[in-house]
Every structure is written in structure tokens, then in C-alpha cells.
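Chains as they are written, first to last, in numbering that gives the first Met the number 0: chain A, 0 to 948; chain B, 0 to 582; chain C, 0 to 93.
Hints in this document: simulated from the structure, not taken from any laboratory. You may find that some hints are simply not true.
As the list claims (entries may be wrong) - Result set (DMTMM-like, lysine to aspartate or glutamate): computed pairs, CA atoms no more than 20 Å apart in a straight line:
id, chain 1, residue 1, chain 2, residue 2
1, B, K295, A, E698
2, C, K29, A, E698
3, B, K295, A, E919
4, B, K559, A, E884
5, A, K686, A, D737
6, A, K838, C, D27
7, B, K295, A, E926
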Amino acid sequence: MSHRLPAPLGEVIDRSSAISFTWNGKKLQGFEGDTIASALLANGEHILGRSMKYHRSRGVLTADFWDPNTTVQVDDEPNVCASHRRLADGMAVSAQNVWPSLKFDVKAANGLVGRFLTAGFYYKTFMKPAKLWPAYEHVLAKFAPGGSVDLDTPHGRYDKRYAHPDVVVAGGGPSGMAAALAAAEAGSSVVLVEHEHQLGGHLLWGSDDDRAAANELAAACAAAGVEILTNSTVAGRYEDNWISISQRSHPGVIERLIKARAKTLVVAAGTIERPYVFQGNDLPGVMTSGAVQRLIRMYGVKPGTRAVVFTANESGDSAVEALQSAGISIARVVDARSGEGITSASGSKSRVKRVTLSDGTTVECDLLVTAVGWTTPTSLLNMAGDRPGDDADAARFFPAGPPDNVLATGGMVGDGSRDELIAHGRSTGKLAAGRAAVVRHRLQAATARAAAVDGPEPDYPADERAPLERARHPELYRSTTHGIVDYSEDVSSKDLFSAAGEGFDSVELIKRFTTATMGPSQGKLETVNTVAVLAEARNESIAEVGTTVWRPPYAPISLGALAGRINEPTRVSVLQPWHEANGATPILAGQWVRPEHYGDPAAEVRNTRTNVGIIDVTPLGKLDLQGPDVPKLLNLLYTNKWTALPIGGVRYGLMCAEDGVVLDDGVTARLGEEHYLMTTTSSGAAKIWNWIEMWLQTEHPDWQVHVTPVTTGLTSINIAGPNSRELLGRLTADIDLDPAAFPYMNVRRGTIAGVQNCITWRIGFTGELSYEIHVPSGHAVHVWEQLLEQGADLGVEAFGLEAQRIMRLEKGHFIVGQDTDGLSKAPVTGLNPLLKLDKDDWAGMPEVAWTMESGDHPVIVACQPDNGSVVPEEAAQILRSGTTEIVGRVTSSRMSPTLNRSICLAQVTKEFAAPGTSLEVLLVSGERITATVQEHHAHFDPEGARLRG
Amino acid sequence: MEFDIGLGPRRAKPAKEPWNELEGGRVDETQTETAARTNAKLLGRPGNPLRRDQKLSSVGQKGGAVGRQPHPSRGALEERETEVGFELPDLLTERRLGNVKAVGGPSEVQFLGHGDEGIEAPQVRQLTHAQIISISPNSLLHPHERIGQTEAMGKNKPPAKYSAVGLLWRGLRKQSWPRVWREPEFKSTYDVVIIGGGVHGLATAYYLASNHGITNVAVVDKQYLGSGGSGRNTAIVRSNYLTPEGVAFYDRSLDLYNSMSNDLNLNVMFSERGHLTLAHTDSALRTMNWRAEVNKLQGINSSVITPAEIKKLTPSLDVSADTRYPILGALYHPPGGTIRHDAVVWGYARGADAYGVDLHQKTEVLDILVEGGSGPEGKGPGGKVTGVRTSKGDIHAPIVVNCTAGWASQLSNMAGVTLPITTHPLQAAVTEPVKTFLPTVVVSGSLHVYVSQTDRGELVFGASVDPVATYNMGGTLEFTEELAGHVLELMPGISKMRLLRQWAGLCDMTPDYSPVMGPTPVDGFYVDVGWGTYGFKAGPVSGEQMAACVANGTTPELIKPFELSRFTEGTLVGEKGAAAVGH
Amino acid sequence: MLLVPCPYCGPMNAADLSYNGESHRRPDPKTCTPEEWRSYLYLRENPSGWLLENWYCSSGCRRHFKIERHTLTGELRAPVLPGRKPGATQGDMK
């Protein structure tokens, strides 16, 4: 660590604690508290990367969070800012964007042809020959900047947290700390967020008094109960002060996303020092005044040996002091305030060697420090709707006026001594607390069920803060030469001039054309210089040119933190463990995990058709409806009539949306005088519940109906097959299963396997004699096991979803959403007798009526390939014979184990719907086969003898 | 805007361009500065005001050049324009070669045989709307014959030809490129006013000029060109839609995108990298198969592939079976890909401008002028459009085309036309760049996400539209959270990549996820709106067809299914299945 | 994220509610013309400004209510339950 300065310089490093790391494979040492960049500089490594386009050597520029030149790869993590990331033991750090090595980079040859690679050059070439463009593109992509992703990176620990603070303060400099302290003292709960590793802001690299004041304020904040988050960033401000905070300092997690509903947001983001645009401004050894002060005072690192300082403000003057304190010789102080200037810098590829001043003299040096002014990072204010304006006298932007619940303080709104900044922060914190109290009161009052509100609403405090003065500052953006404006994107002022000359002369167009400000700092460092150069090119003022809108996030945030702990829940029936323990293959059906089959779906079909099978149909949506007006509701939502349904009766219903398109279907049973149980499709359960509530609450609030979803409260088991009556009979004593007493489409309640209050209805999705029982879920496993045990001699076996799908297709039952689509109006189903146009009203009735009247709609038909061994794919298109005109498509198809042939449902135009019509089906393979339209939807037992038996 | 170079004299003497000499560091800067100022003075142009220097001196400096230096920008920019195209390379690449053979698209072809002689061409005839729509396609006096290409073409200059040779030559000569488009004068009368300077509006203008010879056209935009959806989309193009109507339409668009770089002589960087739509459920897989079958019948390269094939194409995807959203297959569409969206806007703008179309930026339409309608103020059905009121003054025009997104309802309401549209924000986001690892465009409908990697290495993400209708483009945190979660479901290895920026655009959603194109009940008022989340990929074909619609007064077959009247006739287009995720 | 004042639950994160779009009158299905019905189905004012719209407190009390929202600024006025008059509940909490 040859470039390390002696103590007491280096406030934040712990010289007693050394840390080992590697840099491009070379083993180096730093101290606890070092950033990667400070440790590298201490080791004399001052080239940290190469630029994107010309692959020029780049070194530390700002030595902070926004440093564009120090992006490195750390282990499997790309694009780490070495000037911000703290050194950790064993880190493997390497330079990005270099090949074959940092010192010798082949692509630096681009620099030689730079004049041809002007901004947007790629738009102007590679057009011909067109077929070569992919090859060009391939080469261009090789120049993509950035590190490498290791695709085997595990999803590490990330976390999220909700917070409901009164006040969030963004920025832990003097004003931010003072605001947090004042707000806490006024009774607010406060979160103080600082993106660097310690509170203090610019006081940290100021005088001894400054550092003492910073420490004192930080301690006071902690004592007052302020929650302090360092190495954390307020990343976004969204509607109603919904604040996102990226916390990189939470123990045990890589990054944590805090979502806070702040009642007031205080933005104290300070200012960002702007680089100066001149020829050679990207040479290693050219730094901002803040960078040298940080390096010397915080990290005890010697940034050079002989410095030229170009200063226009106090920060430059302090940099001179810092350099002197570190024993670095000052070759020249060039003071902009007395009319001096610098024109260009030059040197070797790896280091600045001399500076040319505007009087023509040349000064030798290896460090050029610039202090030319500030950029106001108004990003969070932008997100709150503020559109800051430029103040030419102060040479920076200021907020125009954010909304009442967002307050700015500190360097963002003006200048002043340490005490003045602290005073402004304090008055801002007090104001923030006062406003937060009012918002808190109103929120409480707006919550109807809240306990009594504490007292009357406090008065809304007006903004009576004494404003900070805006110090005059020369407008220093570009010298007489051209230099880099956007370091990350390798965009020079010359590029900007030429783009403006080509007509890309609004700030948005020039940004898009040149990609200036599009890099990792999103223009924190570059935007104002870009605007200034454009203003120069257009001969307008900066205010006239305007600026771009900063979008969230304020600083890059990892996908892992945004995702948090990934947990996308699935739903299961209480029987699912049994299924999986007994060989079921699970399948995801919507949100549900269900048994697809237990090994051989065809065998399951045959067993059910021959003996008896049981299937878990719990995902079926179930709604318990009670009240005198349920029949009115059913009449309104279903296409058919419900007023005559007797107690104990079950009826099938079809639902339409208001545009007449099929929405859902299912059966509904009348359990009692005013008590019904409705079933919906599995995927429609939540949707139909909302649909019912909507009609009840908005169109018919006078109807008395109470809806309770009971989908998972009841476990549903379908017992199907010739032996089903026998099987169920063995488990129940109080339900009379005699066909005369309990016919098809009826419902009974009774005790099954000792479980009381089971609901049983006779319906037949599979086309078999079948009973569907709805068992209180706590007893479902018992009932399921009893069914299997008691029915062993009857050949009972569980069957899965696939067997059910086959059997329903054999029976010709359509599935909403598979055999119908988003344009299928009710008549498509062919269930015209269920479409009761003589009712007063039902959802979708007018459209259905007009559709039936026009007759111009496709219909669902059953069809069978003439060659029964071919199963056309679901989605196979049906064509007009010998043409490519689409007249329909196969919507469901299977090989039927019962019929030993292939069977289908299809949607076809009316012209092709008549029984006996020969259809031409185009298989996915391209082969065309013929199929014949059947008389009934049911391929099997069309008369329904089995299910009614 | 001050440097209006208009259609300045074409045979001006080449002037030295001092500021271009600034590069290289060998030139004495001070001398160059002086030369520039002198030059400007000699040419009678205002020199560089020293406003900022004066401010500086008020801070207490004693003269001298510090800080923001005076710069010869203004003079230089102006002069550069006057000498456009008369150096040797231009003669080679633009003029001479252009005369010998058509080396590029319409922008060159139009000048075949015209050389520079068109400067004094007669003014383009003003067409009334009655004239335009009274002409049937079979009429002898077809609009594009009436205002023939010769008239339109002769009037205008070609844009400077972009080519590698030009790049090399200008690089060697340190010579800059001319403006991409003019800053036209505001005129009070046009044949056609197009509202919206995005890809739809500009393409319509371009094809009106290039295919129909109608060049007395104004494109007005309240901001800068491409400031709406054209500049905010994720630039994915494909044609594997679900309905035959959709497929035919988007396939034509893809054709136009394919030849666009050459047609417009500007590299729009169309990257035909293949497009994968993942299926995580068997019902999604069924829809993929359905789409593939419809696509194949229409000659579109589109097929369903297996997880193993997906892994081969895109190794970063997790195709293992035990994930929450297992990848069961994908619809693979090799011709799909990405394009540089801004370049498309600039290409059409430059092309339209070259034909004489006036592009008015920062010109907001405040009202649409309608007479004789059945609604309030004589607007609405049965009325006839007479022009638009803009923030810069009234424009009289018999034809007004609404090519906006986000404000389509507002503008149509101004004409008394209510649309079947609600406006929702669609959010998108981009990460920091990393070395390229994602070679295809990946879309997942179930996870509401689509992702591609730019040549710069950034991942670009988009999602479905936000559920709540709003004109606020502030974006939401929830979008980024869901997005990240879903992307990491697909590609678990990229958790350490960082999100750099999120933004939103406004999407005008229609009930059937298909656009509204063609005439409206107000005579002369046309719409090309309701583009939902897929407007960018349809830009070229929309422009082409809308231009034909306006020029011929009849709706072309390709866009007939998308007429506004379908919502009163109940004949909606069933595209929801393929377009429900905004990509 | 917008805070939407549910008349029962008080201010709720918008993500915890369902948005049901522009509020409009349903024509009488027995007597309406296709134009009227389809205008109800499809046509929307879609203003950039104040809009009366339907919300559903789907993660809370499961009540449907109407609220006036400014579609550009996100401002909200007091919510209304069906069948009640505006002003019945207090909603201004900003």
C-alpha cells in the first residue's frame, strides 16, 4: 500500500484490520473501511477500467457512489461501483470490458478510428448488403459494456419490509440529519436514509470542526430514536408518498427493499459535483475536488504527487488544503473566479502528464483536480411531479415546487455555512413533522372503523422556513476543447454538437441519438453538461433547452431485492398428500396442484367405466348462496330459468358476460327453502364470486342474498361408475340411494362414513352413474380412505384429471375456455334450449338474442376422424376442402379407451356443422385427414342411460 | 428554434466548417474560435452572444476566457447546412449513383433523373377532401396521378445519403452530416393534417407522399418526434398473431421492417433474433399450437418447440420441470425480433421530410374543427372536418388523421367521436448492461413479462398494462417487484443484475385487443388508434394502409376488420388470446 | 401506489382493491337498440380528468363502491356506496 498516507488522515479506515483481495488475479491488501477503489489506489493501481467505445483507460473520477469510471466485476456480481462498495475479505475483483487484459486492450484500436465512430454512426451504415447486418450486429454486440452474469448464481437472501413512518429523510448530510432530528423531537417517527456508508455528507471530508459536528448530529439522531439506514438509498417516490428504500446494510441479506408509506418525505440529497468538459478530461488522474478530499481525508490515500487544481468554488479551495495536508505538491491553482482557465490535458495512455491553461502555458502534473460546480439530484422531486429550473446565476438547477408532502432542504435548495444548512434542515424537519401529524390525523379519521381520533385535527403548518441563499457561481461546463460528457457511454461534447447539428436538438432527442445520460448513473453526473453543451450548440440558455425527467429508481437496485423471497403459492386439496403418496403425477391446473393420473389414465378410464372410480374434484368452485332472492340472482346470471327448481333439485347453468360470451358454467343445487350451493369451473371460482357481488351490490342492492365461498371448506369427491351406488351405499345409512328416491340431478344431505352433513348430488360429468360428495374438509381423508377400503372388492380405484378429461370428452361435455374462446357467444355451445329469451333480463341476453337471430356464429360439434387411429392435435385447423381457408378447429381430442378410436370436439362454422358433414383436418405434421361430424356431442352413451340409471 | 435551414439554395458554395477542425487537438483553438466568429460575421449572421461571459465577469473575473467559452456553434451549424451534399462523396453516393441505379429506397428512387433541377418545381396542388374521397380507385383521376410524383418529388431535396462510404469520407474530411429534417414554417392550410409524430403518424405521412404523391401534409406533435409510445416501447416485432386478420396485417408490417433500413436509408438495426412465447400450462400450450397452425397456413414461420429445444436456443432459461411455472413448450417465431425504435421514427421523419412533408414539433392540437355534425357545436356524426386548432394557430385541412396513443380519446372527443378505448399505462424497465447472454426475445403470458437483451447489453423488460386506467406515467413500484420476481422465475441466475430505469407509456386499450383504423362518422376525420400494447410493431403497415385509406377514400382490405363500425355491428376481432401481454 | 379510501376499510393500497372501470348506466336489455347496448359495452368517455368509476374492495370488506378520481393527477373525492348519496362517508385523507 505504497500510496497510503499516514494517520490521522483516513478517518473511516481501520488500519489495524487488514483485508486481502485480488485484483485481476493479483493478490492485494486494504483496510477495513476501504472501498475497492480506495484500496486499489492505495496499492498504486489507478486504472480501474476501460471506456465503452474507445476503450480508453479510466481511473477514479468522483470516488463516490456515482463514479462512472470504476465499474468492476466482483466475484459473480457484475457492474459493482468500486468507489462505493466496501472491501471484503477474499473479494475477487476484476476489470470489466477489457480483452485480453486491462493493460493491453485490443479494442483500444477503436480510438484510432474514433472520428468515424461519431454518435449514431451505426444508424448510417451497415445497411448494405442487408444480409450481412446480422454479422455486423454480432460484432457490435461484442462491444456491449458491463460485466458478466454467471447464470448459475443462486438466488441469495433478499428480503422486504413494510414501514409506516411519519417522516422519511433522504440524505444524511448536515441538513438531512438536522431535519431527522427536528422531526423526531417534534414527535414524528423518522427513518433517515444515507446512501454512503456513514452519516455526515460533505462534512466527512471537511475540517475537524465539520467532522465533529457531523458526529454530534449523528449521535443526537440515534438518541432521539431516528431509525438510521446507511448504505441505503431512497430509490423511488410514488403516488401518495409510497417510498421505496433499497437497504444494502441489513445483516444477513444481500439487499432489502423497504416499502414505506411516508406521511412526509424530506429530500436532502445534497449536490453532486460536476465534471468539467475539456480535451483529456477522462485521463486517469483527472478528478473532482470532492474525490481528492474523500480519498485523502476519509481513506488516507494519496491520489497523486503533483497537482493542478482548477477551482471556481470553496470545494476546490478545500481540495487545495487537503492536498497540502497530504504533502502533495501543488503545481498550480487555476482560479476561475479570477478569469483563469484550463484548455486541455494530455498524458500517456494511463495517466495525465500535463495541463494546458487558457493563457497557453503548460504545467506538468499527475493529478488534475476540478471544482466547477454542482448538479442538483432532483430525481426524487421529479418523481413527485416537480420540474426543476435552472438558475444561471448559481449555475445549477433548483426545485420549482414539489407537492406539500415532499420537502427539500440543504444543498438542493441553496448554499450556506454548516450552521445555516443545519438550521434549514431543522426548520424543514419541524415542518415535516407538523404536516405528518395532520396527514396521520386525516388517515385515522378516514378509517371508518378506527377507534376515536385523538382530538381535533391539528392546524396545517405553512412553510415559513427562511430560505437558504443561493451563492453565485460561474457557469462552467465546457472549456474551448471537446471532451467526454458521458463517461459511461463514451459520448463527447463533439458528438453532442454533431448530433445537434443533424437536428437531434431537443434534449430528449439528443439523449436518444447519442445515448448520453443513459448509463448507470442515469445522468446524475452527465445531464447538466449534456444540456449545457446542447444549449451552446443551439445558442440558447440552459433554461430554454430544459432538462430530461429523472425516472425511478434513484440508484440501480438489484432484481433480487425487487423480487424478495420468491414465493408464488399454489393451492392443494387436503387429499393431495395422499395422491402424491400413492403414485399420482402432479399437474399444475391454474393455481391448483392436482393429480394428473396415477400411472395409466386409459386404465383408470376403463376401470371407472367397468367398476367404479373416485376422483378428487375439490378445486371446483363452490359458493354457498342463502336468502329469499337467490332464484332472482340465478335467473339473472344463468341463461336458463331457476324459479321452479324444487328443494333437492340440481340444475346445470350457463353464464354469459354482458357481451354474450360464455363466462362460466356449473351446476347449482337447492338445499333448502332459501339455501343453494353453486359450483363454478375451477379457474372461475374467484371471478364468479366477484361477478355475483357486483350484480348484487350495484344493480340489485335490494335483493337479499348472502354469498359465502366454500371451495376449500368442502372437499369434493366424485364417485363414478356402475358400482358407485353400491359403494356409496356401504358408507351411508341415512341417504336413500334408490334411483326412484334419489334420481339423476338431485341432491341429498346425509352422513357418509360417519361424517355428518355431507352434501351428495347425482350428476355426471364423466357420463357414468355418479355421486359427487362434498365433505367437510377436516374429514375428507377419512372419507376418501373409507371409499377405497369399503370398495376394494368393487374394484374402486382413484382416477386423475386426465381420465376425467377423456371421459367428459367421450360424453361430449365442453370445457369453458377450451372448447369455447373469448369470442364464443352462448349459441356456440349448441345449448340453445337453455338460452331463455323470454326471461326479463339476464346478463348478456341482448347480444345472445341478436346472435341467435343472425345465426352467424360457429358451433361446437363432435367429430370422429375417419381413420380412428389418428388423434388430431387440439388446435388442428379445419379447412374448406382443398383450400387453406380456415372453417374451424379441433378444440379437444383424445384416443378413447372406451371406443378404441379417436374422438374430438371442434368449433366449425355453421356451414360445416350438420351431422354427417365430412371435415378436412390439417394435422400439425401438415397431413390432411378427414373426419365426420357426429349427430350428438356425446361419442358414448348419447341417450344418457348410464348416468341416469 | 432559430436555425431554420429550410430548403435553402442547393448550389451554395461549400463553406469551411471551422468547428469541425476542433478535433484532434492539433488545431489552435483560439484561432479557430476567432475564425468562426469572423466567418459568421462575414456571412451576416449573428455572432456568438457573450451573455454567459458577461455573467462570469460580473462574478468578479477580469476578462479572459474561462468557463463556458463562446463557441462558433450557431454560425457553423447554419453554414454547414448550406453546403450539404456538394462534396465529392455526396456526388458519388447520393447523386451520381442515384442517377445510374436505384441504390436504395424511395428516398433515392424519387430523384432518378431529376438531379437538382427540381428547385423551382410548381407548388403542390391543394386537394380538398371532397376531391380525394370522390375519386374511386378505378377513376382515371387517381389522387396520386392528380398530384403526381413528379410534382411532389421535384420540390424537395433528398436527405444526405447514409452509407459506410459517406461515414468514412466525412470522417476523413471531418465533415458533418446535414440535418435529418427541416424545421418548417407554420402554414395555415394543408391537404392532410396528421396528429401525432410517432411511428404511425410519420409512416402515414411518408407513405402518403411516397405511394400517393400527397405531400402537402403536416404532422403535428405536442412534444418532440417519437415522444410517445414510439419512444417508450420495448421494440419487439413479430407477426405470429392468432387471427388470420392479425397475422396478415402484422406480416406485412414485418416485411416492411425487414426492408426498412434500405428503404429509408437509415439503419433501424432490425435484429431478427427469434421470438419465444413460453407456455407454462397445457391450456397455454394449446393456444400456442392454435397460433402456430393459423400462422403456418398463412406462410408464417412459427412452430411449437419443446423445453429441450428452448434450452438450446436460450440457455439462460430454467426449463426444469419442478419450478412454479414450468416451461412446457414455446411458440417459436424465428422472424420475430427487436428493432431500434427511435431509428424507425427518425427514418420515417427524415423520409417524409425529404418529400416535403412538414413536421411541426411542439405543436399541440387544442381542438378539431368540425362543421355540420349532429352533436354539440356542430361536431359529431354527420359532420365534416375542416381543420385543427393548434397551440401555434389554426390549420385548415379537409382531412385530419388521429394517429395518437394515450390521447386518442381526448382528440377524437374533440371531433365528437366517442371511441371504445380506455387508457392504461404500460410499464417497462431496463437493467444495467452486461455481456450478452440472451439471444432471443422471451415472452411469458402467464407471468406477464417479456424480455430481450439489447446489443448494448441491457435487458429490456415489459409487462401487461396496469389494471387502473390513468394518464399518469409515473409508474409503480409494484410493477418492478412483480417483474423482477417473474423474470427470476424464468432466469434464476440474474438476481444480481440491477434495474436501472423504469418508465411508462400510455396504451389505448380496446375491448378486442385490436386497433381502430379508418374513417369515422365525421367526414374527413380518420383514426389510427386503439393500438394497445402492440402499436409499434404495426407502425409501417398502419402507415401504408392509412395512407391508402386517406388517399383513396376507401378502406383497404387489410384493415377492414379494424374499422370503428365493428363495435356497433358487434363483429369484434378475436386477438385477445395472442395479444393479452403487451409485447 | 395510490391510497384509495374504501368507505368501510378506510385508506387502502390500490393493489388491494380491484378496479372495475368507468361507471355507466346499464340500458334496459328488453328495449334497448344494438347501438345503445354496444355503446354501454364498448364506448368510453375515457377522460383525462375527473371520472366516476367503480372499485371493489377485493382484499378487504368486499364492497363495491364508486369514487371520483382524477385520471391525470390521482386525486380522489369521497367514495359513494351504491344507493347512497355522495358525501355519506368521509374520504378526504390527503
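Quick rundown of the hints versus the structure:
no.: 1; hint: K295/B with E698/A; result: 46 Å, violated
no.: 2; hint: K29/C with E698/A; result: 16 Å, holds
no.: 3; hint: K295/B with E919/A; result: 16 Å, holds
no.: 4; hint: K559/B with E884/A; result: 18 Å, holds
no.: 5; hint: K686/A with D737/A; result: 37 Å, violated
no.: 6; hint: K838/A with D27/C; result: 13 Å, holds
no.: 7; hint: K295/B with E926/A; result: 13 Å, holds
Hint compliance for this structure: hints 1, 5 are not met, and every other hint is.
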